[in-house]
Every structure is written in structure tokens, then in C-alpha cells.
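A.B. asks: Sequence:
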Amino acid sequence: MATFYSFEEITAWQKARLLCSKIHTLTYTTDLAKDYKLKDQINGSSGSIMDNISEGFGRGGNKEFIQFLGVSLGSACECQSQLYRLLDRNYITKVLFDELYLLCREIRKMIFGLIKYIQTTTVKGVKFKNPKYNKNDNPAGLEN
Numbered sequence: 042m043a044t045f046y047s048f049e050e051i052t053a054w055q056k057a058r059l060l061c062s063k064i065h066t067l068t069y070t071t072d073l074a075k076d077y078k079l080k081d082q083i084n085g086s087s088g089s090i091m092d093n094i095s096e097g098f099g100r101g102g103n104k105e106f107i108q109f110l111g112v113s114l115g116s117a118c119e120c121q122s123q124l125y126r127l128l129d130r131n132y133i134t135k136v137l138f139d140e141l142y143l144l145c146r147e148i149r150k151m152i153f154g155l156i157k158y159i160q161t162t163t164v165k166g167v168k169f170k171n172p173k174y175n176k177n178d179n180p181a182g183l184e185n
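Using the working numbering, read the sequence shown as starting at 42 and increasing by one per residue.
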């Protein structure tokens with residue numbers, strides 16, 4: 042697995058963004074738009090998947106990244122459960138349910154793979170890199 046320089050490079054985040062977009066469109070193009078609580082819940086859980094991947098990445102350390110990936114997994118499961126509620130209330134067809142449910146499952150597999158990679162890699166995360174500092178460097182352009 043490659044080193045990531047931004048969260049946007051992470052395939053699980055890209056897929057989670059796609060899911061979030063599909064869910065958002067769904068919440069405004071179906072009768073779900075009138076079910077405010079469920080609409081807000083599924084928008085929240087789908088957004089939480091991608092948001093926690095990015096937040097964990099941004100923390101800069103592997104342990105924190107894994108912790109936030111765990112939250113993303115929970116949000117993906119929550120989204121899958123909410124998809125059942127959409128199906129049961131006839132907001133979506135079985136075909137659309139299957140498509141979105143499988144996308145959630147694919148994202149979960151990717152997150153599990155990412156967790157496994159992070160647990161076994163020797164790379165510790167940017168938080169723990171020891172940058173070489175030269176007192177003559179002035180990257181911010183500040184007066185000495």
C-alpha cells in the first residue's frame with residue numbers, strides 16, 4: 042500500500058464521498074425529504090464515514106488514525122442499518138438498497154484493510170517525524 046500525502050488520495054475516503062453524495066441526492070429527490078429525522082440521520086452517518094477518515098488522517102499519528110477509522114466503520118454500519126429503514130418505509134427500491142448497501146460494505150472492507158496496513162507498517166505517521174530544523178531557516182518569513 043502506498044504512502045498517502047492527503048486524505049483525498051485514500052480510496053476508502055473517495056468511495057465514502059461517493060456514497061455521501063448518492064445519499065444526499067436521495068434525501069432530496071424522494072419522499073425521504075419529508076422524514077426529517079431519518080433524512081438527517083442518514084446524511085449524518087454517511088458524512089461521518091468520510092469525515093472521520095479525513096480527521097484521523099489529519100491527526101498525523103497511526104494510533105489516532107486507527108481510532109478514527111474505527112469510528113468510520115461504526116458510521117458505515119449505522120448507514121447500512123438506516124438503509125434498511127429506507128427500504129422498509131418504501132423510500133427506496135430493493136435495487137437501490139442493494140447498490141448502496143454494497144457500497145457501504147466495500148467501504149468497510151477498504152477501511153479494515155487500511156487499519157491492518159497501519160497496524161503493520163513501520164511508518165509512524167507525520168506527527169512523529171523528526172524534521173531537521175535549522176535556526177537560520179525562516180519558512181514563515183518572520184523577522185529574527
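FYI, nobody ran anything at the bench for these hints, they're computed from the structure. Computed from a prediction, not measured in an experiment: that's the story for all the values here. The beta-carbon is built from N, C-alpha and C at its ideal position, and this holds for glycine as well. Heads up, a few of these hints could be off.
[Unchecked claim] Each pair of labels, with its calculated beta carbon distance range:
1. Ser122 / Glu50: 40 to 48 Å
2. Thr71 / Cys118: 38 to 46 Å
3. Thr162 / Asn131: 43 to 51 Å
4. Thr161 / Lys75: 45 to 53 Å
5. Lys75 / Val164: 44 to 52 Å
[Said to hold, decoys possible] Subject to a maximum C-alpha distance of 30 Å in a straight line, what follows is the list of computed DSSO-like cross-link-like pairs (lysine-lysine):
6. Lys165 / Lys63
7. Lys165 / Lys150
8. Lys104 / Lys56
9. Lys75 / Lys157
A.B. asks: Taking the hints in turn, state whether each one holds.
C.D. replies: Quick rundown of the hints versus the structure:
no.	hint	result
1	Ser122 / Glu50: 40 to 48 Å	violated (29 Å)
2	Thr71 / Cys118: 38 to 46 Å	violated (23 Å)
3	Thr162 / Asn131: 43 to 51 Å	holds (46 Å)
4	Thr161 / Lys75: 45 to 53 Å	holds (47 Å)
5	Lys75 / Val164: 44 to 52 Å	holds (48 Å)
6	Lys165 / Lys63	violated (34 Å)
7	Lys165 / Lys150	holds (22 Å)
8	Lys104 / Lys56	holds (23 Å)
9	Lys75 / Lys157	violated (41 Å)
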